[in-house]
Amino acid sequence: MKVTLKVWRQKNGSTPGQFVSYEVDQVSEDMSFFEMLDMLNNSLVRKGEEPISFDHDCREGICGTCGLMINGRAHGPLKGVTTCQLHMRSFSDGDTIVVEPWRARAFPVIRDLIVDRTAFDRIMEAGGYISVRTGGAPDANAIPISKKAADAAFDSAACIGCGACVATCKNSSAMLFTAAKVSQFAVLPQGQVERKERVLNMVAQMDAEGFGACTNTGACEAECPKEISLVNIARLNREFLRASLAG
Amino acid sequence: MMKFDAHIPDGPLAEKWTQHKFNLKLVNPANKRKYTIIVVGTGLAGASAAATLAELGYNILAFSYHESPRRAHSIAAQGGINAAKNYPNDGDSIFRLFYDTIKGGDYRAREANVYRLAEVSNNIIDQCVAQGIPFAREYGGLLDNRSFGGAQVSRTFYAKGQTGQQLLLGAYSALVRQMHAGKVKFHPRHDMLDLVVVDGRARGIITRNLVTGEITAHVADAVILATGGYANVFYLSTNAMASNATASWRAHKRGAAFANPCYTQIHPTCIPVSSEHQSKLTLMSESLRNDGRVWVPKNPGDTRAPNDIPEEDRDYYLERIYPSFGNLVPRDVASRRAKAVCDEGRGVGATGKAVYLDFADVIQRNGRQWVEDKYGNLFDMYQQITGENPYEVPMRIYPAPHYTMGGLWVDYNLMSTIPGLFVLGEANFSDHGANRLGASALMQGLADGYFVIPYTIGGYLAQKPHDSLDTSHEEFTKARKGVEDSLKRLLSIQGDEPVEELHKRLGRILWDYVGMSRNRKGLETALKEIPALREEFWKKARIPGREDEFNPELEKASRVADFMELAELMAQDALHREESCGAHFREEYQTEENEAKRDDEHFAYSANWEFVEVGKPEILHKEELVFENVQLTTRSYK
Ligand SMILES: Cc1cc2nc3c(=O)[nH]c(=O)nc-3n(C[C@H](O)[C@H](O)[C@H](O)COP(=O)(O)OP(=O)(O)OC[C@H]3O[C@@H](n4cnc5c(N)ncnc54)[C@H](O)[C@@H]3O)c2cc1C
Ligand code: SF4
Ligand code: FES
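Chain order of the listed sequences is Y and F. If you count the first sequence from 1, position 86 lands on 86 in the working numbering, and the numbers rise without skipping. Whatever position you read off the second sequence (first residue = 1), add 247 for the working numbering.
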C-alpha cells in the first residue's frame, strides 16, 4: 500500500520546526510502523537527504524509548500498544498519517521526533526508591506479601516511562507516571518507612519540572500503552493528603 | 605477551570466595572518597555496580548512550532469574545450581567463577525483594518459582514475563538514589568511543555526547565496562536495536583479550522472520516451554492448519528424543533440533522455517485465565506482531541470535588483561561457558554488580594510591584525536548505500556460516567474505549529516564498522575450535545421535584473542580449564 506521511522536522531545540510531507510506497501490512520509517529513511539516505530522527530501541514495547503522536493520538490508534508495536495493518492504502513528537514544556525537542524526557529521571531521583543498601537485606521470604498486594504493585510497576500520559494530557501533567511509582511502594511493606517523604518529594519535583496540574480528565489512562490505571492517581492523592496532614 | 593468570584463590571450591574476600586488601572509608570510578553502561550489571560502589563511598561517573538507565536492554528480559533458594524444597542447592550451569555451558567455563555465582545468587533475590521488586507470589504470600531449560528443579524467580524490567527498575532506583546523594554523576546519551590506557593501566574513556556531538575525555582510577553483548552483529537478533560491541571492541584494540567470540547463543523460541524489511526479532520467553509443547507435522509437506492435524500426525520431537528433559532441554539443543526438523522439510508457516509451540493442553488443563496470568504480555506481544491469536492457534517459533557467551576475558576479580579495566555482565565471558542456561544472565549481571565488583575493585585500588592524573596527559589527547579522526573518516566515505543495508549483509554471512551450525568450508568462506564486505563498507557507505550534531546514522555507522571487525574474529575463533561444544556446533564433530561432540583433550580451554591489526589474524592465548569438582561427561538430557 501507499501512504502519505506528514512528519514534524526540527533541526534542534533552538530552531523552529515544520511539517514535511513524504510519500511512502510499497508498504506491506506486516511491517511495523518503524520498519516503514526505516524504509523511508533508507531512501532519504540514498538521496543524500537527512533521515527522520525518532527514538526507539527494544521495538517490543518494554523499554519505553519510543513514542510518537500519530494522527493526534499518543502511540497511534490502538489501545495498550507502544508505537514500536504498531503495525501497518492498522492503516489503509492512501492514508495520510500525521506524525509529531510528544509536546510538553517539560519535554523539550532534541531533534525531529525526539524529545528529552530526563525530567522523569529527576522525579525518580526525588524519591522513587526504597533506601536499602546492597547486602544485609533479610531473607526474601521473611516478610510474606499477599498475592493481591504483590500483583497490585506489579501493575503499577509496569509503567515503562514513555511519557505518553504527559503528551496526551491537555495540562501536560506527569501525574500518572508519578502516581504509578508512588503506588508501587505504597502497597508494599518495604515501602512504608519512606512513604510520606516519597510522595511529597516526588510531587514537588514534578511541579518543579514544569509539568501541569492534574484535572482528572483521564486521557492519560486511555492512552497509556501499559494501561496504568487512574486508581494510581487516586492513591497518590490520598498518600499526598495523608503526608501533608501529618506535616 | 599477554598473561592469563585467572587469580583463582586456593582452597576448596566452597570456601574460595569467602577466603578471597578476607584476603583482599581493603580501602578505608576516608580513602574511598578520593577514588573516582568510571562505569560505562547502566543496564543490570552497570547500574547495580555503580549504585553499590557509590554506597561504599567511591565517586562514580556513569555513562550510557541511552537517555535513561531504565532504557538499557536488560529491561527486555522476560522469563526470570535463577537462585538456589530451594524454596520449593525440590532438591536445589548452591552446588546443584553450580553443577547445572557448568554442565549447561558444556564444561567450558571456570569452576571457581560459576560456584561464586551460585553462591551469591540467593543474596540477589533478598536484595531485590528489599528494593520493592514485585516478584510473582503464591497465595500464601511467599515467592513463586518456575522452571527453565537445563534444570530439573524450579529455581526461577519471575515477575510475569517482565522480570528484566522489574529487576532493572530496581537497580535503577538504587542508582537514582545515589545520583540524588551526589555520589553518581550520570551522563545520558553519551557514547564511549575509546578507552584510555596510561602506563599500562586503564585510566579513562573518550565519549561523544550524542546530542551535541561534543567529544570529551574523562579520567578515573579504574574503568568498568558493563556494556552488554554483541548478538546484534547478526543484524537480526532479539537484542535492542542499539545494542553493540563498540565499548568492548575498542577496549580489545587497546589490549584487552577477547575470549571465545564464537560462543553465540541462538535462542530456540523467537517469532520467525516474516520478510526482508524485518528490523529485529522478538523473543518468546523460554519460560513458555514450561507449559507449551513443541511439535511439527510427522510428515514433510503436511500443509494442513495446525488445529486440523490430529495427534497421531504430530511429532513432539523434543519429548520424543529427550524423554527426561522434554521441552526443557537447553537452548542449544532445542535450537539445533528445530533447525533439523525444518531442514527435513517438516517446518511450518509460509517460509517453512518455524515449528509450533502449542498451549492447547495447558489451556485445557488450567484454563485460559491461568495462562493469561502467567504469560499474558507475551501472548499479546505475539499477537501484535503476527496478527494471530496464540490462545487459539499454536505459536510459530524459530531460533534467533540472542545472547553472547563470549566477551572480554576477565580473571576471578572480573579484571581484564588491562589492569584497572573491569568487565561485568554480558560484556565479559566469565560464567556461561559455551552455552548459557535461561535465567542465568540476569543472575550473573546482578551478581557481578551488587556482590562481586564492590569487593574485588577495592583489592585493586588498595594497591594503587590515588594520583592527580588529568586529561591533559598526552594519552588522553591522542585518544581524543583518534576518535575525532575516525568519525571524520566515516563521514568522508562517498558512497550511496545506507549503513543498515551493509549491516544486513554482514548478518547474512554470519547467520549462514557462523550461525547455528558451522563447518570448515563455510567458515573459510566467511573469512573471505567478511573482509571483502568491510572494504565495501568503507567505500560504499553513505552517512549524512555532521559530527557536531545529533546524528543517529553516524552512531550506527561507527558501531557497524566495529561489527565488521569483530565478525572476522568470530569466524576465526569458530574455525580454530575443532570440536563441538554447547552453542558452537561444528558439523564435523558430532555424535551418531547428532549431539555436540567435545574434545576435552585438546579444547578444554578458553580461547583468548589478542588484537594485532585490522585484517590480520589475531593471536591465540589459552587459559586451560581445570575441573576438580565436576566430572566431564557428555551432556545427556535424554
Ligand atoms: C529479549 C531478551 C530476553 C531475555 N530474557 C532473559 C531472562 O529471562 N533471563 C535472563 O537471565 N536473561 C535474559 N536475557 C539476557 C539478559 O537480559 C542480558 O544478558 C542482560 O540483561 C545484559 O545486561 P547487561 O547489564 O550486561 O547489559 P545491558 O542491559 O545490555 O546494558 C548495556 C548498557 O551499556 C550501555 N552501553 C553499551 N555500549 C556503550 C557505549 N559504547 N557507551 C556508553 N554506553 C554504552 C547501554 O547504554 C546500557 O546502559 C534476555 C535477553 C533478551 C535479548
Ligand atoms: S504511565 Fe503509561 S503513559 Fe505514562 S509513562 Fe508510564 S507507561 Fe507511559
Ligand atoms: S522501542 Fe522500546 S518500547 Fe518502543
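Some hints here could point you the wrong way.
Straight-line Cα separation of at most 25 Å, SDA-like style, residue types lysine to any residue; simulated pairs [stated by the list, open to error]:
1) Y:K148 with F:R612
2) F:K600 with F:N554
3) F:K803 with Y:E100
4) F:K268 with Y:G135
5) F:K803 with Y:L44
6) Y:K79 with Y:S172
7) F:K728 with F:R448
8) Y:K148 with F:T633
9) F:K500 with F:F269
10) Y:K47 with Y:V24
11) F:K735 with F:E771
12) Y:K79 with F:K728
13) F:K786 with F:K863
14) F:K263 with F:T633
15) Y:K47 with F:K751
16) F:K430 with Y:T118
17) Y:K11 with Y:E29
18) Y:K148 with F:E385
19) Y:K147 with F:N336
20) Y:K147 with F:R612
21) F:K768 with F:Q837
22) Y:K11 with F:I462
23) F:K500 with F:Q837
24) F:K863 with F:F874
25) F:K711 with F:F269
26) Y:K79 with F:W785
27) Y:K2 with F:T633
28) Y:K6 with F:E747
29) F:K432 with Y:D116
30) Y:K147 with F:E635
31) F:K263 with Y:P138
32) Y:K11 with F:F269
33) Y:K47 with F:I740
34) F:K272 with F:L716
35) F:K430 with Y:S172
36) F:K430 with Y:A208
37) F:K735 with F:G460
38) F:K786 with Y:E50
39) Y:K47 with F:R752
40) Y:K11 with F:G460
In short, the hints are calculated from the structure, not lab data.
We went through each hint and held it up to the structure:
Pair hint K148 (chain Y) plus R612 (chain F) holds up; C-alpha atoms about 24 Å apart against a cutoff of 25 Å. Simply put, K600 (chain F) and N554 (chain F) have alpha-carbon atoms about 19 Å apart, close enough for the 25 Å limit, and the pair holds. This hinted pair checks out: K803 (chain F) and E100 (chain Y) have alpha carbons roughly 23 Å apart, not beyond 25 Å. Between K268 (chain F) and G135 (chain Y) the alpha-carbon distance is near 14 Å, which keeps this suggested pair within the 25 Å criterion.
The suggested pairing of K803 (chain F) with L44 (chain Y) holds, with an alpha-carbon distance near 16 Å, which does not exceed 25 Å. Distance hint between K79 (chain Y) and S172 (chain Y) is fulfilled; the C-alpha atoms sit about 20 Å from each other, no more than 25 Å. For the given pair, K728 (chain F) sits about 20 Å from R448 (chain F) by alpha-carbon distance, which is consistent with the 25 Å threshold. Annotation: proposed proximity of K148 (chain Y) to T633 (chain F) is violated, straight-line Cα distance about 33 Å (limit 25 Å).
For the suggested pair K500 (chain F) and F269 (chain F), the alpha carbons sit about 35 Å apart, so the restraint of at most 25 Å is broken. For a cut-off of 25 Å, the pair hint linking K47 (chain Y) to V24 (chain Y) stands: about 14 Å separates their Cα positions. For the suggested pair K735 (chain F) and E771 (chain F), the alpha carbons sit about 33 Å apart, so the restraint of at most 25 Å is broken. As the CA atoms of K79 (chain Y) and K728 (chain F) are separated by approximately 49 Å, the hinted pair breaks the 25 Å bound.
Proposed proximity of K786 (chain F) and K863 (chain F) is supported: the alpha carbons are some 20 Å apart, at most 25 Å. A distance of roughly 50 Å separates the Cα atoms of K263 (chain F) and T633 (chain F); the hinted pair therefore is violated under the 25 Å criterion. Under the criterion of a C-alpha separation no larger than 25 Å, the hint pairing K47 (chain Y) with K751 (chain F) is consistent with the structure, at around 20 Å. For the given pair, K430 (chain F) sits about 18 Å from T118 (chain Y) by alpha-carbon distance, which is consistent with the 25 Å threshold.
Restraint check: the Cα-Cα separation between K11 (chain Y) and E29 (chain Y) comes to about 31 Å, which exceeds 25 Å; the hinted pair is violated. Pair hint K148 (chain Y) plus E385 (chain F) holds up; C-alpha atoms about 10 Å apart against a cutoff of 25 Å. Among the hinted pairs, K147 (chain Y) with N336 (chain F) is consistent with the structure: their alpha-carbon atoms are about 20 Å apart, no more than 25 Å. A C-alpha spacing of about 22 Å is found between K147 (chain Y) and R612 (chain F), which places the hinted pair at or below 25 Å, so the restraint holds.
Between K768 (chain F) and Q837 (chain F), the direct Cα distance comes to roughly 16 Å. Compliance with the 25 Å bound is thereby established for this hinted pair. Restraint check for K11 (chain Y) and I462 (chain F): the C-alpha separation of about 20 Å stays at or below 25 Å, so the hint holds. For the proposed pair K500 (chain F) and Q837 (chain F), the alpha carbon gap of about 35 Å is over 25 Å, so the pair is violated. Distance check on the hinted pair: K863 (chain F) and F874 (chain F) sit about 34 Å apart at the alpha-carbon level, beyond 25 Å; violated.
Between the alpha carbons of K711 (chain F) and F269 (chain F) the distance comes to roughly 19 Å, so the proposed pair stays at or under 25 Å and holds. Pair hint K79 (chain Y) plus W785 (chain F) does not hold up; C-alpha atoms about 44 Å apart against a cutoff of 25 Å. The hinted pair formed by K2 (chain Y) and T633 (chain F) meets the criterion: a straight-line CA distance of about 21 Å does not exceed 25 Å. This hinted pair checks out: K6 (chain Y) and E747 (chain F) have alpha carbons roughly 24 Å apart, not beyond 25 Å.
The suggested pairing of K432 (chain F) with D116 (chain Y) holds, with an alpha-carbon distance near 18 Å, which does not exceed 25 Å. Pair hint K147 (chain Y) plus E635 (chain F) does not hold up; C-alpha atoms about 31 Å apart against a cutoff of 25 Å. Distance check on the hinted pair: K263 (chain F) and P138 (chain Y) sit about 24 Å apart at the alpha-carbon level, within 25 Å; holds. At roughly 56 Å between alpha-carbon atoms, K11 (chain Y) and F269 (chain F) are farther apart than 25 Å, so this suggested pair is violated.
In summary, the hint linking K47 (chain Y) to I740 (chain F) is supported, as the alpha carbons are separated by about 15 Å, within the 25 Å threshold. A C-alpha spacing of about 23 Å is found between K272 (chain F) and L716 (chain F), which places the hinted pair at or below 25 Å, so the restraint holds. A hinted pair counts as satisfied when its Cα atoms are at most 25 Å apart, and K430 (chain F) with S172 (chain Y) does not qualify at roughly 31 Å. For the given pair, K430 (chain F) sits about 22 Å from A208 (chain Y) by alpha-carbon distance, which is consistent with the 25 Å threshold.
For the given pair, K735 (chain F) sits about 12 Å from G460 (chain F) by alpha-carbon distance, which is consistent with the 25 Å threshold. Our distance criterion of 25 Å between C-alpha atoms is met by K786 (chain F) and E50 (chain Y), whose separation comes to about 20 Å. For a cut-off of 25 Å, the pair hint linking K47 (chain Y) to R752 (chain F) stands: about 21 Å separates their Cα positions. Distance check on the hinted pair: K11 (chain Y) and G460 (chain F) sit about 14 Å apart at the alpha-carbon level, within 25 Å; holds.
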